[in-house]
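Enquirer: This is what each chain is made of:
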Amino acid sequence: MFEITKRRLLAAASIAAIVFAVPSTMAQDSGEGAGGQEPVKAGFVYVGPVGDFGWTYAHDQARQCMVEELGDSVETTFVENVAEGPDAERVIRQLAQDGADIVFTTSFGFGNPTVKVAQQFPDVKFEHATGFNPGGDNMALYNAKFYQGRAVLGTIAGMMSDSGKAGYIASFPIPEVVMGINAFQLAAQKQDPEFTTQVVWVNSWYDPAKEADAANALLSQGADVITQHTDSPAPLQAAEKAGAIAFGQASDMTSFAPNAHMTAIIDEWCPYYTKRVQAVMDGTWEPGNVWLGMEDGEVVMSPFNDAMPDDVKAAAQKVYDDTKAGNYEVFTGPIRDQSGEIRVPEGETMTEEELLKMDWYVEGVQS
Amino acid sequence: MGWELEPRGEASRKANLAAPVIAVFGALVTGAILFTFLGHNGLSAVYEIFIAPLTNTYRWQDLLVKAAPLAIIATGLAIGFRANVWNIGAEGQYILGGLGGTWVALQTLDMTGGWILPAMILMGMIWGAAYAAVPAILKTKLGVNEILSSLMLNYVAIQLLYYLMRAPWKDPMAFGFPQTAMFTSDQTLPMMASGTLIHLGVPIAAAIALTAWGVMTRTIVGFQVRSVGASPKAARFAGFSASSTVWLALLVGGGLAGLAGILEASGPFGQMVPQFPTGYGYTAIIVAFLGRLNPLGILIASFVLALTYVGGENAQTAIGLPNAAAGVFQALMLFFLLGFDILASYRLKRTAPKPSPTANTSGVTPVEAEGARA
Amino acid sequence: MSVQLTVAIMMTIAGAATPLLIAALGELVVEKSGVLNLGVEGMMLIGAVAGFAVAYSTGVPTLGAIAALIAGALVSSVFAFLTLSLMANQVATGLALTIFGTGVSALIGAPFVGITTSTLGPLFAFDNPLLRLLFGHSPLVYLGIALTIAVWWFLKHSRPGLILRAVGESDDAAHAIGYPVLRIRYLAVLFGGAMAGLAGCYYSLVLTPMWAERLTAGRGWIAIALVVFASWKPGRVLLGAYLFGLVITMELQAKAAGFNMFAPEFLAALPYLATVAVLAIISFAPQGGANAPACLAKPFRATA
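The listed protein sequences derive, respectively, from chains A, B and C.
Heads up: the first sequence at position 70 corresponds to 70 in the working numbering, and the numbers run straight through without jumps.
Heads up: the second sequence at position 28 corresponds to 395 in the working numbering, and the numbers run straight through without jumps.
Heads up: the third sequence at position 88 corresponds to 829 in the working numbering, and the numbers run straight through without jumps.
Simulated from the structure, these hints should not be mistaken for lab results.
Beta carbons: idealized from backbone N, C-alpha and C, even for Gly.
One or more of the hints may lead you astray.
[To be verified] The calculated label-pair distances, taken between Cβ atoms and stated as ranges, are: (1) C:SER743 / B:SER610: 19 to 27 angstroms; (2) C:SER859 / B:SER610: 53 to 61 angstroms; (3) A:ASP359 / B:VAL388: 42 to 50 angstroms; (4) B:PRO539 / C:LEU875: 24 to 32 angstroms; (5) B:VAL388 / C:HIS898: 47 to 55 angstroms.
[As the list claims (entries may be wrong)] No farther apart than 30 angstroms at their CA atoms in a straight line, the calculated lysine-lysine pairs in the DSS-like style are these: (6) C:LYS1039 / C:LYS897; (7) B:LYS508 / C:LYS1039; (8) A:LYS275 / A:LYS324; (9) A:LYS116 / B:LYS537; (10) B:LYS537 / A:LYS357; (11) B:LYS381 / C:LYS1039.
Between the sequences and the hints, there should be enough to build the whole structure, so can you do that?
Expert: Below, the structure is given as structure tokens:
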């Protein structure tokens, strides 16, 4: 019974292939005849909707920016709302089969599917964001040092807070989020040694109502700075209502909270995307594993709010400039953990590898 | 003078076959108009979603892999629906099935042997069925509405999954990310042919639907299920107990949803992750109806639904149609099917202006028990 | 605990409870008439996006709320036509409605992403915490409480309410007496849709004044659970909604104060577990009102 079913299916599939493959190859031929060089095709796989105004939105803005930079020599496609798992694998494969030269998969959970598909398409380049599985010769990993931006936020928070207490709305305790919390607290502590950061885990990347409620809870318990590692502008709106200060996530969210929004960490993926697609065009693409930051223009701050006092502006700008110049690293010892024990001795700086595995909190973080 | 619905003595075979076809076409036409109205190219939307994937051999593999779990779950649900047992907890039973098999996998990570995969599959079915036993007990012992209880349990199952992924079952090597270790090769579904995506779950889905078709049409159990659904009173006279039918429907539905769960976990996923549930349990309800609760129809319907997913992705890359469009097409298809469904059991009839023997009481015609259609 | 903190907590509870309350009251009336509409989440999303779009375009949030009411009722009319006139299966139609609402709201809302609008916020601002607690909420909070009383009175003491309950308990008998079963159910479904739409715009116009895809994040399902949890009684819906709001708020408050008492997953599952428990408990209650309406989710066709 299985044999028959299988044979029939194969027969049906091959008929479909014969009938439709002919016209499509013809179409491709005529296309090549008309123009000069074929444009490079870049595919993007997004975990959320492009309308999330957060993580996926930032990647899609970068895609559009890259198209502006490279013009007609690149053609892009994207698929949004792709579930992590087999659906992602199918979409990635589909992009590769449809002739993509390079595919960017922009969520941690796309890692294993990307590795799998990359093995099947040695001629296509794959780029996976925020993962740790390096894959083969045709796969690269890229990530951004958002924690550098969190150090700027922490500096502002430490200087501007009256209560000395920040509320941090966080998604899941993965190293990315943990290091962000720690960077924020370390920078704030430098300004105000008594500073504390209260973390509330909402166990979701995106749940506006819950994020707003969490912000309200934190505000009612004395926090006067709200910051977040979740995707919606809801916490900013809560801070605006309460007259507290807050920061944008992934893109400039001033429009949601004109008074509360001090600045935002902007995920600027455009330079990287442009560089990598250009490399495919030039035939110079190489696999890699990069973790880029302010020095590479991948993490930038949105304009400071005019309500920020000048000394705060100057201090925040200094952290930004020094980081850019390579003179400032927030994870430099001495760093104590929550129990007060020294984890990083004076003069030492945590390595990238240590940061990417970080699972402990610095002194002053309450979670 | 107006229109009246007149019951057919027996569901029309022709209408039974025609309704899904009309539904699909109605959805396509409405969808095309709607998307044109919203500023997209409606016709190319329909082409890219429903036609283009069929012209590509790779897409056929994707379609079969995507359709398999839908067909398995929907077959189980349809048996219950036939008996008027409304299990809408397949999503939870699917999750529990995946978790049951994963539990076996986590115990056997260091072992090898051909017995591991069958043990995982068996445990998946047991967990799925056990989870469906909760609404079954509540229904048979306390008379609790199974629609409500099974629906609520879906959300409990999701939270159970999140909990297990966050703490007890987390892979210590995964940098704090909530997911289990990858399954070993002995814990992974084999491929039917090397170089393809067609895993063992695909023929299993076909076999299950065919078996269910045989059971429902050829055996006494099938007759029991159908007669309890059609007329509980008559079934009681025939000696069929309503509560044993409830148990049968829920255990089969839960067991098959659990099977689909562990086949997905051990096949395409290859591990357990918090993103494991993707709504198959709900989509399968649509599939069951689109297939008119007939296992063979369900095979076709699962393929059509898979087409809306795979084609939806295709339309995004080809013409930039938003992802939401695929969902709208699914909903429209179901709306049309449910709307036209009525023509299978009733015929439209013009009410006569002058009195006639069939329309003497102001056009109202007698009708059989409501249980015939639920 | 300071007065300020107590008031702040109570305000948050009211905020979390109100949309659940409004949506659940609508669904309660629908279910009391013998119809189960599982499309609440979809109708809420339609209401949320319609409310935001109109409030943003006109600058008048009240018009947004009215648009949300109308949009919710409009989309529920699809459900009503299919399940009542064409006797389609209610479970499947409700699920389809949710899929439809999710998709259509995303399509309509695409141009509104990333902007905010004037809100349906409190009418009066007070510095005094007690006055703020009494009069400082969004008008929808008061509307939710007023609606509870109205629905309670309607079902318990008005003649149309009595008929609606009769239709839900025994449609054939109600029809035999001469009540227009289908017309009553149509009205009930439209009311439910309007309330779900209104509840949806609470998110897009009050709590988080913005539009983003899937803004309501599954609250429609909690509203359905709430109706069952309240065993189909308006007063208990009010109680239940504020209880759910309390649990949500206290969890976050506890976390904000540095306590992590329960696994967060347990608290997230709690409303649903409690609902299953209530379902089991009310089945022991003597017959007479505590149970699901007898005709729930069953199609009706007039017989002579």
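Enquirer: So which of the earlier hints does this model not fit?
Expert: 1, 3 and 4
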